[in-house]
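K.L.:
Please model the complete structure; the sequences and the hints are all you need to start from.
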Amino acid sequence: MNNLVYNEMLKIVRKKRLFVIAAIVAVLVALFTYAQFKQVKELQERLGTSDWRTQLQQQIIDAQNRLNSSSISEEWRKYLQIRLQQQQYYLEHDINPSAPGAPTFMRMFIENAIDLFLPLLVMVVAADLVSSEASGGTIKLLLTRPVKRGTILLSKYIALLLAISFILLTVALLSYLISGIVFGYHGWRLPLLTGFTINGEDLNTEGVHLLPQWKYVLIELGLAWYVAIVAGTLTFMLSVLMRSTAAVMGIMLAALISGAILSNMVSSWESAKYLFMVNLRLTDYISGTAPPIDGMTLGFSMTVLAVWGLLALAIAFIVFTKRDVY
Amino acid sequence: MTKQATLIVENLRKTIRRKEIIKGISFELKEGEVFGFLGPNGAGKTTTIRMLVGLIKPTSGRISICGYDLERQFTKAIRHIGCIVENPELYPYLSGWENLEHFARMVPDIPKARMNEVVELVGLQNRIHDRVSTYSLGMRQRLGIAQALLGKPKVLILDEPTNGLDPVGIREMREFIRFLAETEGLSVLVSSHLLSEIQLMCDRVAIMAKGTMLRVDTVEHLLKEQARVVWKAEPLEAAKAILAAETSIFRTDGDTLITPYEPKKLSVWNKKLVEAGVAVHEIQPKLPTLEDLFIELTGGETIE
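From first to last, the protein sequence lines stand for chains P and D. Reminder that position 319 of the first sequence reads as 319 in full-length UniProt numbering, one-by-one numbering, no gaps. Reminder that position 90 of the second sequence reads as 90 in full-length UniProt numbering, one-by-one numbering, no gaps.
Worth flagging that the hints you see were computed from the coordinates, not collected in a lab. Just so you know, not all the hints are guaranteed correct.
Unchecked claim - Here are the simulated lysine to aspartate or glutamate pairs, EDC-like style, with alpha carbons at most 16 Å apart:
{"no.": "1", "chain 1": "D", "residue 1": "Lys154", "chain 2": "D", "residue 2": "Glu31"}
{"no.": "2", "chain 1": "D", "residue 1": "Lys152", "chain 2": "D", "residue 2": "Asp109"}
{"no.": "3", "chain 1": "D", "residue 1": "Lys57", "chain 2": "P", "residue 2": "Asp324"}
{"no.": "4", "chain 1": "P", "residue 1": "Lys322", "chain 2": "D", "residue 2": "Glu71"}
{"no.": "5", "chain 1": "D", "residue 1": "Lys3", "chain 2": "D", "residue 2": "Glu184"}
{"no.": "6", "chain 1": "P", "residue 1": "Lys15", "chain 2": "D", "residue 2": "Glu98"}
{"no.": "7", "chain 1": "D", "residue 1": "Lys30", "chain 2": "D", "residue 2": "Glu184"}
{"no.": "8", "chain 1": "P", "residue 1": "Lys148", "chain 2": "D", "residue 2": "Asp69"}
{"no.": "9", "chain 1": "P", "residue 1": "Lys148", "chain 2": "D", "residue 2": "Glu71"}
{"no.": "10", "chain 1": "D", "residue 1": "Lys272", "chain 2": "D", "residue 2": "Glu237"}
{"no.": "11", "chain 1": "D", "residue 1": "Lys76", "chain 2": "D", "residue 2": "Asp109"}
P.N.:
This is how it looks when you write it as structure tokens:
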């Protein structure tokens, strides 16, 4: 098995796929870093002051005033208290929450990449894993070795998982290292708010708590990894089913983009929540953004993705082991 | 000394979408023989070969390789087969050597020495570390054979091995295949639609058409039956009447008659013709070729 996985990794590396992906990530991170740098500059100019401590103090005073008023709901009060706590923490520890460091950039990059950019990168590797062997004819050599078909496909899938992990590591490292040049490498201990749940119109703050940024980033990376594996598995199945790598990419791309579009307009179509592509933004549950359809939770989305992934894997293996190869 | 059968095919059938493509074929390959697989395009040669190497699952029938059933003991059976199906398609972005390493890793214990051995055997020493994308078709064909021989197979299956080779390459390939069978004792199954090829390198030939096996026999036997004599005589009608009484006449071709070739009776027939006052201008034994037999057997059939 080790030998087979080695073979598959060798092919992925020699096709220069991973190199291309790393280059794409590096370019994009540099681009976004510059864009954010510009944004920060502009904000400072508009406020007329670069001293964030006075701004923060003003915000804390505002919040305290609102807490003293009696017309405030219990939920809201709790939320404000937590925010106050957060702001005081920033002030005490001399951390500027509005000037992003590399970890903050990394976190935002992952949040924005999880539903389209990351699956896209994974697709570049997964799309031709099997289909290129079929269209290149090398599948005939591969399947006439004394190795069972299932084992061959499994070795390819393990290679895919390794490649996905490598891609995630690349995204994390490059976004940290490159953005750090501009924003500095501090901010790992920055406390962030998490634990919001949203039921319809109401914000449920029961589980809200503070999390240091390094833990927060780690959780988001884990979720991104999970999403990448599901997207990779789906692409992998298409790659087994189809000879043409272009067709595999086309279908996957259409599905991913339709997910981004659907998320904005399916709030009234409830059963759309069982589609995998509207469930990709797992990090939204951590930061507390409202899901596209009511009743979607982190657990629900992860389950939907798992079911899609497992089904795709089962189809891939059944078809690959039974199929006549022409 | 009876030679052992290495590959046995029994009543092999394949139905695709209710259409029977292979209609129950049976044959055997013996140790050290080159077996030719002949048939027009669409006869089912490639489908059969793909079934032999496990790429296509037969609808019914049995394939056994060195005593192992291909379907039930796939890895053990396929271990003894080396093959090139259609074109030798290898990874173009890897070097020849890396391609061999790739396939060597898929078979338990192939030492590096064996890899050097096959590279030398096919004569690729000088270019083996170049990328396959820079290889000519002939070199790819050689590399294809090298990978097929890696695991020391007992049966070598080559689909159209001389496809795209130049005349020198074709001759080299032919000699190489004979060498493998005679010296190394491999059973080699060669498919081709080039009849002259098959005639020159095979011991036995199977002729396929429309998914059935029309004939399986040694090249010698097939050709002996096929020998013809061309008679040029005057008047033709009288000659035809006399010869018809003695033997069968295949056809009349312009001013000639064609009969089977029976060396011992030739002079008797000739005498009768002369006695009947027929002027015999020419008696010409026609050199037999598989091509005639092939066309006769398959009847220039069209593909369904």
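K.L.:
Indicate, hint by hint, whether the structure satisfies it.
P.N.:
Right, here's what the structure says about each hint:
1. Lys154/D x Glu31/D: Judged against 16 Å, a Cα distance of about 8 Å means the pair holds.
2. Lys152/D x Asp109/D: holds (11 Å)
3. Lys57/D x Asp324/P: holds (6 Å)
4. Lys322/P x Glu71/D: holds (12 Å)
5. Lys3/D x Glu184/D: holds (14 Å)
6. Lys15/P x Glu98/D: holds (13 Å)
7. Lys30/D x Glu184/D: holds (13 Å)
8. Lys148/P x Asp69/D: holds (15 Å)
9. Lys148/P x Glu71/D: Satisfied, since the Cα-Cα distance of roughly 11 Å is no more than 16 Å.
10. Lys272/D x Glu237/D: holds (14 Å)
11. Lys76/D x Asp109/D: holds (14 Å)
Checked against the numbered hints given earlier, this structure breaks none of them.
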